[in-house]
Every structure is written in C-alpha cells, then in structure tokens.
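Colleague: Chains as they are written, first to last, in our numbering: chain A, 1 to 113; chain B, 1001 to 1113.
In short, the hints are calculated from the structure, not lab data. Owing to the predicted nature of the structure, the values given are computational and were not obtained by experimental measurement. No false leads were mixed into what you were given.
Covered, in the sense of this in silico footprint (three residues per stretch, anywhere, with C-beta under 8 Å from a C-beta of chain B), are these stretches of chain A:
| no. | stretch |
| --- | --- |
| 1 | 44-56 |
| 2 | 102-108 |
Below, a sample of chain B positions facing chain A; criterion: calculated Cβ distance under 8 Å:
| no. | residue |
| --- | --- |
| 3 | Q1042 |
| 4 | G1043 |
| 5 | P1044 |
| 6 | Y1046 |
| 7 | H1049 |
| 8 | G1094 |
| 9 | N1097 |
| 10 | N1098 |
| 11 | R1099 |
| 12 | W1103 |
| 13 | G1104 |
| 14 | L1105 |
Quick reminder that beta carbons are idealized off the backbone N, C-alpha and C, glycines included.
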Amino acid sequence: DAGVIQSPRHEVTEMGQEVTLRCKPISGHNSLFWYRQTMMRGLELLIYFNNNVPIDDSGMPEDRFSAKMPNASFSTLKIQPSEPRDSAVYFCASSQGESSPLHFGNGTRLTVT
Amino acid sequence: DAKTTQPPSMDCAEGRAANLPCNHSTISGNEYVYWYRQIHSQGPQYIIHGLKNNETNEMASLIITEDRKSSTLILPHATLRDTAVYYCIVRVAGAGNNRKLIWGLGTSLAVNP
Chain A
1 DAGVIQSPRH EVTEMGQEVT LRCKPISGHN SLFWYRQTMM RGLELLIYFN
51 NNVPIDDSGM PEDRFSAKMP NASFSTLKIQ PSEPRDSAVY FCASSQGESS
101 PLHFGNGTRL TVT
Chain B
1001 DAKTTQPPSM DCAEGRAANL PCNHSTISGN EYVYWYRQIH SQGPQYIIHG
1051 LKNNETNEMA SLIITEDRKS STLILPHATL RDTAVYYCIV RVAGAGNNRK
1101 LIWGLGTSLA VNP
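The shape of chain A in the complex, shown without the other chains (with noise of 0.2 Å):
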C-alpha cells in the first residue's frame, strides 16, 4: 500500500500564476478529500468527492479555485491565477467508504511570491 501520493511536494510560484496539484489517492478508497492548512486556520475542508462525483465545494474559497476527479485513481486541484494569500500547505485524504478513517497524503507545500 504506497498510500497517498500527492506531487509536487513543494510549489513556488509568482502571483497570477495557474497552479496545479495532484493527488493518487489509495486504490478502492472511493472518497477523496482536499484540505489546506495554514498556522492562522488550521485544516480547512476545501472540497470532497464521493465516487468521482463532488459532493461538497462549500469550502473552496473562492472561483479562482477548482477540483476534478475524472477518474477513481486521480485528482487535481488548480488554482488561476494564484495569489500570495494561498500559500498553504495543500493536502489530499481519502478513505474507504464515507465513514472510515482518512488517509493524508504528504502534502504539497505551496509558496505564491
């Protein structure tokens, strides 16, 4: 079990750059998640994917924001144009089932200048 794989584990990038992270989650988990953690908020639930289907964007905070899941055994997270106000470390979690323990994966660092 190689777990979540989250890449790239580190991002700089400059103010109004498109951002994109990627997520594998475990093979058979069929919820997926996507948080973002800073110092001042903690982990925020930016969106949740049941079955390849988003099920709750609530989080997202804003349009510059967007997830897709075209498949079970893929993820991404975009960000256009990306802002300083976004560095956060980024995480991808999914679980099997809706109700079982998530699994994170590393996270990707990023850092918008």
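We have chain A; now place chain B onto it with these hints.
Modeller: For chain B alone, coordinates are given in the frame of chain A:
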C-alpha cells in the same frame, strides 16, 4: 457537531506513558471520538476511535469516561517519533460525515530524551 478542547502543549519523557486529555462536554450519543496525529512535514495520521467503550490498538489506547464528556489518549511507551500534534475530533456516525470533521489546534506533544 460537538467541539473539543485540548491543552495546547504537553511534554513527556521517552519511555514513559503519554496521557493526552480531551474534553467534549457537548458530545451527542451518536458521535464518535477520533484521534489523529500530525508529525512535522507529514499529513495527519489516524490513530484510534471509539464510541463508548475503551479501545486499544497497536498504536494507542483510548479511554472514554462513562458520561462520554471527556477522553484520554494513552501512548504506553512514548518514543521520540511520537513527537507530533495530536488532534481529538468528534464525528457523527453515518455516511458522509467525514466532511464535517472540526480539526481544532490539537495538542503539541514533545517527547524528550
């Protein structure tokens, strides 16, 4: 969903038991207590969960008071690798409720040599 209260930080000597408290005085009958931990530069890791009875697994033990208003996570023989932020979360039973986890700031546990 009920919220939890944890001390911001704790220290523990290596080899000794680490007892991490959590208050959840407004917990409902259908809410589980979950514990996760986050080691520096990694994603959160599931540890254990319980409803009413005490639980034990290879990582830790969870003691829940009879009135369910508080609980204690016990790491029986803490090692330096247990240094992490520990999150106590209550979660309503049932499908779809992983999206409603309230993470809080957790307890930063430092295990000292």
